[in-house]
Amino acid sequence: MTVSNTVDQYTIMSGDRSKIKDLLCNRLTECGWRDEVRLLCRNILLEKSNSSNGVTVEQLIAEVTPKARTLVPDAVKKELLMKIRTILAENEAEN
Amino acid sequence: MCACVFVRVCAVAFVCVCVCKIRVFEKTENSSTAQKQSSYLTQFVSVFSIKVAKIRRKQRKCDKTNVPQPSAKRTKTKENSVDSTTSILSSGSGSSSGAGSRASSSNNNNKRAYASVGRGAADVVPEPRIPPQAASTNPRTAAAAAAAAATTTTTATTTTTTKAAAGRCPADETVASGGRGGGGSVEGAQLTKGPLNATHLSVPVYLRTVQKLASELDGNANANASVNVNVSSSSGSGSSSTSSAVDVDVNVMSETGCRHYQTYVKEHSYDTFRVIDAYFAACVNKDARLKKAIHCNCFECGSYGIQLYACLHCIYFGCRGAHITSHLRAKKHNIALELSHGTLYCYACRDFIYDARSREYALINRKLEAKDLQKSLGWQPWIPTPKETNLLLANARRRLVRPNQTIGLRGLLNLGATCFMNCIVQALVHTPLLSDYFMSDRHDCGSKATHKCLVCEVSRLFQEFYSGSRSPLSLHRLLHLIWNHAKHLAGYEQQDAHEFFIATLDVLHRHCVKAKSEHESKSNSSSASGGNSSSGGNATATHCYGQCNCIIDQIFTGMLQSDVVCQACNGVSTTFDPFWDISLDLGETTTHGGVTPKTLIDCLERYTRAEHLGSAAKIKCSTCKSYQESTKQFSLRTLPSVVSFHLKRFEHSALIDRKISSFIQFPVEFDMTPFMSEKNNAYGDFRFSLYAVVNHVGTIDTGHYTAYVRHQKDTWVKCDDHVITMASLKQVLDSEGYLLFYHKNVLEYE
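These protein sequence lines are chains A and B, in that order.
Numbered according to the numbering used here, the first sequence spans residues 1 to 95.
Numbered according to the numbering used here, the second sequence spans residues 96 to 845.
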């Protein structure tokens with residue numbers, strides 16, 4: 001927890017967090033993950049729309065999140081992990 | 096590990112955005128005047144000084160309970176933090192000249208210590224956090240003192256008043272410079288965390304910063320400032336036109352937007368949103384990033400969780416789920432800002448909400464962030480321009496692509512022994528990356544004579560294929576262009592499909608390069624200000640291994656590595672050659688006992704096997720400086736996104752010309768890793784899938800070409816000139832195979 005907090009703080013402060021976030025967004029869009037998740041959401045909405053009170057965002061998130069997580073390609077995870085590692089290594093080298 | 100978690104959590108965050116995008120609506124708001132601005136500002140100073148006073152009391156409470164000093168966790172930073180904290184944050188460092196040294200010496204057991212601080216602070220929080228209405232009876236003096244503190248911090252040079260203020264709260268978090276902290280490295284900064292101090296969030300001060308930055312941006316980019324102008328003229332907020340609807344109690348976001356947010360804006364204006372977004376969601380400058388890194392953590396659990404929400408009614412950060420919702424419920428606050436994506440959440444609606452003006456402010460903040468970090472703007476939701484809207488309205492008919500639909504399939508008329516062209520065109524049209532390129536209209540033809548441009552013709556061809564029409568297409572224009580550009584293919588004779596394929600790629604490639612250079616020279620000469628973008632394009636074009644960056648090279652060009660090993664000294668000389676396809680021998684091997692290859696993999700193994708060049712072909716070795724016998728071995732350095740294999744079925748030798756019709760088994764999916772030069776590349780994913788097969792029926796002199804193409808996943812069709820029939824995968828795999836087209840499964844990024 002402490003380590004991840006430090007990493008969080010460092011990456012936020014250096015501005016790398018925002019770059020990593022952009023990279024992740026791009027990768028997820030490019031690999032079709034976004035479309036898959038959109039489809040997933042759409043299907044859930046179609047399924048549930050018949051029920052009397054519809055779907056709330058919370059319900060939708062709760063239902064989609066586990067599936068969406070498994071859909072993230074390993075290549076994307078690997079690339080991001082390497083990226084973060086490089087950033088931290090650079091930080092180490094500079095000090 | 097943490098990175099993995101980050102990925103996963105970000106994925107969740109992304110889900111949220113996707114969810115938000117499902118409900119898209121547009122809201123326009125034109126009602127506000129600049130005159131209101133000043134009055135709103137003053138109102139805000141008072142509102143926030145009340146808040147400041149509240150926090151003050153909380154601090155005093157902290158003082159009494161004598162919470163232990165939170166121990167510092169050291170995070171090294173590049174910049175000396177003294178400069179970056181000269182503004183409001185220096186209030187904290189005033190007390191830290193003494194406390195900082197303590198903090199730095201007690202690096203251990205920080206987790207425990209912090210946890211207790213967090214808990215202690217959390218316990219304290221509820222009592223002084225009275226709703227603003229109740230707090231309005233606060234003593235004027237406290238408010239005045241806070242206001243004074245705010246103004247001194249703008250000058251940021253004297254810390255006397257702020258020091259006194261900060262001294263009251265030993266639990267106050269701080270960024271202490273390494274020098275002051277004592278014993279730390281000069282360039283190091285210590286980050287401790289804790290509840291947010293009121294002096295850290297004096298909105299008017301920050302609002303000025305944000306507005307200043309925004310106006311600077313405005314000045315820099317007044318070309319596309321339509322949004323900015325719109326915003327700056329209306330920064331006073333105000334939504335009088337919607338006020339009548341506010342009282343209606345609706346729990347769901349209406350067509351015109353969230354009523355709760357409109358009420359909120361009426362009461363509080365956009366300033367809080369603007370500042371919170373600029374500092375904690377988009378981080379417009381170094382100071383903002385520093386503040387976010389230090390303060391932006393959950394008030395409940397202290398985590399820097401990826402999905403933090405900031406309450407827009409008071410100073411509160413909380414994790415997604417229970418933490419923020421319990422706060423919103425308890426305080427009867429409605430509006431919160433999701434900080435990783437800057438989306439607004441309304442607790443009353445239980446939903447993410449949209450607001451046109453907020454979105455404009457957020458866009459400015461994103462632009463500022465991008466400018467500050469020198470990065471691109473990042474993903475933005477697509478909002479159609481007026482031109483696009485008109486186009487969409489003009490072409491109201493939409494096409495829904497379902498399984499078993501024939502859109503994208505069209506027969507091609509045989510114009511007299513042009514089946515060699517038809518089958519290649521079918522294969523090219525069904526190349527996903529190529530269709531992506533042409534369907535998104537990315538070819539920007541430099542020359543005015545578009546009827547002479549082959550790329551334009553291919554572009555038009557894609558439109559025709561996906562037009563939905565089912566009648567066969569005549570390729571006479573394409574044929575004519577090819578004839579003009581590749582003279583050896585001209586005439587009505589039967590041609591080799593492979594030769595045509597390579598010639599087509601070559602002509603397309605030449606056209607792309609020409610169009611690009613013409614386009615660039617034109618844009619360079621026409622506008623001096625446009626120099627930025629074109630020079631950027633140049634940089635990327637020359638970037639990759641000396642080859643150009645045209646769509647053909649991007650998709651079809653790979654790099655072949657050939658290693659010549661000298662038998663005398665074992666010195667290796669390596670050369671690289673670009674390739675568009677891989678031609679594979681099918682005849683008997685001469686060296687390994689006359690084995691004929693049976694599968695595509697056999698052929699590839701043979702292709703990449705070390706070959707002894709023999710005594711007749713001695714090569715001068717660069718290390719021995721003499722002619723030596725050597726071996727030569729091919730391997731694949733880089734693979735293109737589309738690999739095409741050419742099975743050399745037509746054998747032309749001195750003795751006999753013949754067609755080799757032996758069956759070569761080829762897989763639907765296969766991994767090219769064994770044939771790569773660097774096999775243990777951690778990143779590489781070299782799995783490929785079959786998507787088109789061109790077959791030849793007949794003899795070496797005369798015959799007919801047909802093509803199998805993958806139309807949709809697991810749906811194959813056979814294209815025989817103008818006749819298109821469904822085909823099974825078995826039929827495809829049982830066919831003879833002349834040209835095999837494989838598409839990369841996982842595309843890499845640059």
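Since the hints were derived computationally from the structure, they do not count as laboratory data.
Here the structure is a predicted model, which means the values were calculated and not measured.
Treat the hints with care, as some may be off.
[Unchecked claim] Within a straight-line C-alpha distance of at most 20 Å, the following computed SDA-like cross-link-like pairs (lysine to any residue) qualify:
1. B:K743 x B:E594
2. B:K808 x A:L23
3. B:K470 x A:L23
Hint-by-hint comparison with the structure:
no.: 1; hint: B:K743 x B:E594; verdict: 12 Å, holds
no.: 2; hint: B:K808 x A:L23; verdict: 29 Å, violated
no.: 3; hint: B:K470 x A:L23; verdict: 11 Å, holds
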